[in-house]
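Chemist: Whole structure, please, built from the sequences with the hints as guidance.
2 protein chains.
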Amino acid sequence: MKTLIVHAHPEPRSLNGSLTDLAVSTLTDAGHEVRVSDLYAMNWKAAVDAADYGPHASTPLRPVRDSGRALDAGALTPDVRAEQEKLLWADTVIFQFPLWWYAMPAILKGWVDRVFTYHFAYGVGEHTDTRYGERYGEGTLAGRRALLSVTVGGPEPHYTARGINGPIDDLLFPIQHGILFYPGLEVLPPFVLFGTDRITEREYPEVAKAWEARLRTLETTEPIAFRRQNFGDYAIPSLHLREGLERAGRSGFGLHVRD
Amino acid sequence: MKTLIVHAHPEPRSLNGSLTDLAVSTLTDAGHEVRVSDLYAMNWKAAVDAADYGPHASTPLRPVRDSGRALDAGALTPDVRAEQEKLLWADTVIFQFPLWWYAMPAILKGWVDRVFTYHFAYGVGEHTDTRYGERYGEGTLAGRRALLSVTVGGPEPHYTARGINGPIDDLLFPIQHGILFYPGLEVLPPFVLFGTDRITEREYPEVAKAWEARLRTLETTEPIAFRRQNFGDYAIPSLHLREGLERAGRSGFGLHVRD
Numbered sequence: 001m002k003t004l005i006v007h008a009h010p011e012p013r014s015l016n017g018s019l020t021d022l023a024v025s026t027l028t029d030a031g032h033e034v035r036v037s038d039l040y041a042m043n044w045k046a047a048v049d050a051a052d053y054g055p056h057a058s059t060p061l062r063p064v065r066d067s068g069r070a071l072d073a074g075a076l077t078p079d080v081r082a083e084q085e086k087l088l089w090a091d092t093v094i095f096q097f098p099l100w101w102y103a104m105p106a107i108l109k110g111w112v113d114r115v116f117t118y119h120f121a122y123g124v125g126e127h128t129d130t131r132y133g134e135r136y137g138e139g140t141l142a143g144r145r146a147l148l149s150v151t152v153g154g155p156e157p158h159y160t161a162r163g164i165n166g167p168i169d170d171l172l173f174p175i176q177h178g179i180l181f182y183p184g185l186e187v188l189p190p191f192v193l194f195g196t197d198r199i200t201e202r203e204y205p206e207v208a209k210a211w212e213a214r215l216r217t218l219e220t221t222e223p224i225a226f227r228r229q230n231f232g233d234y235a236i237p238s239l240h241l242r243e244g245l246e247r248a249g250r251s252g253f254g255l256h257v258r259d
Numbered sequence: 001m002k003t004l005i006v007h008a009h010p011e012p013r014s015l016n017g018s019l020t021d022l023a024v025s026t027l028t029d030a031g032h033e034v035r036v037s038d039l040y041a042m043n044w045k046a047a048v049d050a051a052d053y054g055p056h057a058s059t060p061l062r063p064v065r066d067s068g069r070a071l072d073a074g075a076l077t078p079d080v081r082a083e084q085e086k087l088l089w090a091d092t093v094i095f096q097f098p099l100w101w102y103a104m105p106a107i108l109k110g111w112v113d114r115v116f117t118y119h120f121a122y123g124v125g126e127h128t129d130t131r132y133g134e135r136y137g138e139g140t141l142a143g144r145r146a147l148l149s150v151t152v153g154g155p156e157p158h159y160t161a162r163g164i165n166g167p168i169d170d171l172l173f174p175i176q177h178g179i180l181f182y183p184g185l186e187v188l189p190p191f192v193l194f195g196t197d198r199i200t201e202r203e204y205p206e207v208a209k210a211w212e213a214r215l216r217t218l219e220t221t222e223p224i225a226f227r228r229q230n231f232g233d234y235a236i237p238s239l240h241l242r243e244g245l246e247r248a249g250r251s252g253f254g255l256h257v258r259d
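Just so you know, the sequences run in chain order A and B. In terms of UniProt numbering, the first sequence is numbered consecutively and its last residue is 259. In terms of UniProt numbering, the second sequence is numbered consecutively and its last residue is 259.
FYI, nobody ran anything at the bench for these hints, they're computed from the structure. Here the structure is a predicted model, which means the values were calculated and not measured. C-beta atoms are modelled at their ideal positions from N, C-alpha and C, and glycine is treated no differently. Hints are not guaranteed to be accurate.
[As the list claims (entries may be wrong)] With the C-beta cut set under 8 Å, the calculated list includes, among others, these residues of chain A facing chain B: (1) LYS109; (2) ASN165; (3) PRO167; (4) PHE253.
[Unchecked claim] Which stretches of chain A does chain B cover? Using the computed rule of at least three CB atoms under 8 Å from a CB of chain B, they are: (5) 6 to 13; (6) 44 to 56; (7) 96 to 105; (8) 212 to 222.
Modeler: Here it is as structure tokens:
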């Protein structure tokens, strides 16, 4: 495997730091190649702005079109080009981050906003009344796999079907489906640690063991069965899921996973 | 009303820029006070790091605890203190932003990550086995109201109950419930414009009219009926919604809105 780890935590000696270090050593020891994008160490620029597109930034700025033009001309900034190249090099991408306010830390969202440009991660393929692009199971990153490794401060019961924060699968859906599956990545079930506000050094060996077990089985883990866009489940151009495909009672985000 | 508008778009001459300008003039003309936090113009720092907590940054850094200690000591950075003061000044907060990758732009997520510190937006009130803090309907910002004004590039059908991207209400739930309702804000139904990748100058007057109508009725608009945490709907400490409260068939995020 060739694994890219995108790491987003400000403190190297944090649980997130330990999990990334463990992923590097576990995968390397197993003979795999590993690269790490440590966003804080790289001082990653989070905000999309005109500087991202050089001479292709129009006046007024139009991020969608301008990012596509800059990509097509090979004129994106070196930091963004390097991340796109790492994604194309990798067959597996791990995202290591704490869930802050039910979403990614800003620095990681800024990695997505800037690296996932038009013509790279979206606006790929034909967009007509009968075909709405290559996305959700197709696209630039098709054939590659992704895995979220997320630390969550609160207790697991708060993130279950009836838990007050909402089910963790639904909270991660906009990332796993909307960001990762969209440009073609197959998404493995996430590795989520709950209650990390209260975790102690004494509990870490158990956590490490569970993470190593996931890392050692990455190649044989079945991805989440998100429905692909262009293979009959959705009507085009409405992109509505056709009636009758889901188990009775399914609704919301769960509709977009095959039973 | 005293309204704070938190604005997150890199181009002043964008649809988002026009909507914020219109909000300022409409509310001012109606005799209200308005302040704007234009995050790009302010060159807002998006990433949480040790510099946020000055002498209260511990080694290793612990963002939760350190942000609370810095808050308690009045030692947060001036940019964060200014935003917290604006939130306490306002009775209404409008967030104007484009939906990028089914979430806020990174610069706005960084406003949340940095301004919503421990002891300000979370970690407020008693946390015991019988009481789990003042949150979800209580907290520092209780009694204030919030409204998302969001531009969405894709077409509305893709964001409906069976639409491929998932229902817009569910995509906004982590923001509306997890970020805004959590510290006590009442959340008004969002103002969402779809298909903005293709909107033309000719269509803008219709859009402006709809936005003005929402702005003029802010004070009389009913908020989304999110369930409050500490008023009987949830068991403590599991924070599970008690059985039988919801309409048959409700599940997922929808459980947390009263019928």
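Chemist: Need the list of violated hint numbers for this structure, in ascending order.
Modeler: Of the numbered hints, just 8 does not hold.
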